[in-house]
Amino acid sequence: MGAHASDTPAPAILAEVNPAAVPRPVLVAHHRDFHWITEKICGLVEGKTPVWWWWCFGAAAFVASFTVAGLTYLVSTGVGVWGHANPVNWAWDIVNFVFWIGIGHAGTLISAILCLLRQKWRTSINRPAEAMTIFAVVCAAIFPVFHVGRIWFAVLPGWLFPFPNSNGIWQNFRSPLEWDVFAVSTYGTVSVLFWYIGLIPDLGTLRDRFTSAGNVFKARIYGFFAMGWRGSNRQWSNYEMAYLILAGVSTPLVLSVHTIVSFDFAVSLIPGWHTTIFPPYFVAGAIFSGFGMVLTLMLPLRAIYRLDDLITQYHIDCMCKIILATGTMVGYAYSMEFFIAWYGANPYEGFAFINRAFGHYAWAYWIMISCNVITPQFFWFKAVRQNTTLVWILCLFVNVGMWFERFVIIVTSLARDFLPSSWGYYSPSVVEIFTFFGTFGVFSVLFLLFIRFVPIMPMSEIKMVIPAADPHGSSKH
Amino acid sequence: MNQNYGIIAAFDTTPELYHACEKVRDAGYSQWDALTPFPVHGLDAAMGMRRSNVPRFSLAGGLTGFCTGMGFIAWLGLSEYPLIVGGKPMFSPMFAFPVSYELTILFTAFATIFGMFFLNQLPMHYHPVMKAPQFVRAMDDRFYIVIEANDPKFNATAIRDLLAKAGGKDIVELES
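Read top to bottom, the protein sequences are chains X and U. For the numbering used here, count along the first sequence from 1 and bump the result up by 36. For the numbering used here, count along the second sequence from 1 and bump the result up by 882.
Just to be clear, a hint being listed does not mean it is correct.
[Claimed, not checked] Here are the in silico distance ranges between beta carbons for each label pair: (1) U:ALA1038 <-> X:LEU152: 38 to 48 Å; (2) X:TRP459 <-> U:GLY968: 19 to 29 Å; (3) X:VAL191 <-> U:GLY968: 18 to 28 Å; (4) U:LYS1051 <-> X:GLN155: 33 to 43 Å; (5) X:PRO198 <-> U:GLY968: 16 to 26 Å.
[Unchecked claim] The list that follows gives simulated cross-link-like pairs (lysine-lysine, DSS-like), each with its CA atoms no further than 27 Å apart: (6) X:LYS156 <-> X:LYS418; (7) U:LYS905 <-> U:LYS1035; (8) U:LYS1013 <-> X:LYS76; (9) U:LYS1013 <-> X:LYS254; (10) U:LYS1035 <-> U:LYS1051; (11) U:LYS1035 <-> U:LYS1047.
Calculated directly from the structure, the hints in this document are not laboratory data. Glycine is no exception: its CB is placed at the ideal position from the N, C-alpha and C atoms.
Could you put together the complete structure from these sequences and hints?
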């Protein structure tokens, strides 16, 4: 990659100004070496399946069966089994869709944006966070695909994907809903590609370990996906470049996905939706909820697998601070929406916001405010960030709050639009509740399979950030 | 013809590998490689390698994606089935932009990955270095230099000497 900074002599000015040595937090505690990292992470895949895993897997599969049952009933009966009715024709389905897709955003933020910003602490959390992204997109995709009722129509008469219907009419490409199909399917595809590219060197390591242990079957399977990776530096050079470019394209991608999701609302004329603040506000909210979910998953994983040396207190601090920053941005967006509703002097817009805070759905609004605006403020305090149990509980509140945010935006605006004669009140049906509840099981099943069969942390990347990896001695840069 | 694939030497630390690579580069070899469990910072320069060509594939992919999006939507609105919706124009790059933007990213990602596979000649499930018993540590915690027998300057004695002087251990010939 041309001349590296490390190959040029240090500038002469350094001797003159004599910069202070800034202490860098260690990213792998207890001076662990390369071999320890390999043993630790490969050991999780190679070891016997733990008993707790089977219990969790059984419970998750049971919960997931609620989604299967709910969707089967939906497809066999019709979309009327969901609680939508005039005027609230969009409700839990799109709430759940936006909720899950938002969660995915933290994974891409960690793998792409923090990679471009050279945040080395991302290395030990990026693989599980990317896996979380993929599984969250799977859960999100359930809702738009199944809301068409007869799901086979999603493709061929083109109720979602770009194919003409029987009259030869195509989708309306002026509609943000069609943009959303492209945004979400691109997001899912690129997330899988990015995740897989990161996995290749680690799968190579597992292949070689299974080969030398004499387990031909597993060596074949891992070897197939490792593509014959052999760690050659001539390959690493292209690999690093490809990884950088993928990070470069995933960054505008992740920002565009939630921007386009927010267009679903912002491009309409409904009071409470028709605002220009939506794209940045949705992106901040997505990252906020995603980091909440990352910590919700990572803290138990760290405790069960004793990964304290790899996910250090420093990592938790960084994630809590991102939650604090994005949560505060979301709080700012809530207040700015109110301000503009007043300042814009549009009576419908003003009413929509008064109604959110004090109308029929005020309970949802105040759950949202307390979870999303107040909860993250605790992360100002170091003592809170160092108490992992407390961090985990606060993150659960973040997850709940972000679901309610989407509920408040979508349902309150539709239930009280322009004409009082067309007002209504929406409650979910039991089928909707089961379907949504079950998606947590779908997500957990996928995540449990991931932590059982895939190296949960990128070994090659973690090895890169320990001091022994530096060919110039760790003190130089 | 030499029946061996080449000569492999092991190194325990990254600075040793780095300086050994500089020596092999300066000795003028061309058909050689370093095997490392992770990308070592600055090793490309120490091996005298050029910048990767992957970005060319990415650029081609991105341009194709953008043109596909714009072209497809223009074809739909202007030629395949012109349909007035909400009094809006039949085609405008404004409303075609989000879809074209996503397709730019999608095609760039695929082109980048397939470009990387193509340049790295992957998948390649068999390679002579994989047969070596020490290879398992190349993906774990040890670093290797392999100089291939088809290098025009290949001379087994000189190479063994060079690698040993550079700090290489366990220097052996690899079967092809």
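Each hint, compared with the structure:
Restraint check, ALA1038 (chain U) to LEU152 (chain X): a C-beta distance of roughly 45 Å satisfies the suggested window 38 to 48 Å. A hinted range of 19 to 29 Å for the beta carbons of TRP459 (chain X) and GLY968 (chain U) is consistent with their spacing of about 26 Å. Range check, VAL191 (chain X) to GLY968 (chain U): Cβ separation about 26 Å, and the 18 to 28 Å hint holds. The hint said 33 to 43 Å for the Cβ distance between LYS1051 (chain U) and GLN155 (chain X), and at roughly 36 Å that hint holds.
Checking the proposed 16 to 26 Å range against PRO198 (chain X) and GLY968 (chain U) shows it holds: the Cβ atoms sit about 19 Å from each other. Between LYS156 (chain X) and LYS418 (chain X) the CA atoms are separated by roughly 21 Å; this keeps the pair inside 27 Å, and the hint holds. Between LYS905 (chain U) and LYS1035 (chain U) the alpha-carbon distance is near 14 Å, which keeps this suggested pair within the 27 Å criterion. Of the pairs offered as hints, the one joining LYS1013 (chain U) and LYS76 (chain X) holds, with about 25 Å between alpha carbons and a cut-off of 27 Å not exceeded.
Restraint check for LYS1013 (chain U) and LYS254 (chain X): satisfied, since their Cα atoms lie roughly 18 Å apart, inside the 27 Å limit. Annotation: proposed proximity of LYS1035 (chain U) to LYS1051 (chain U) holds, straight-line Cα distance about 22 Å (limit 27 Å). A hinted pair counts as satisfied when its Cα atoms are at most 27 Å apart, and LYS1035 (chain U) with LYS1047 (chain U) qualifies at roughly 18 Å.
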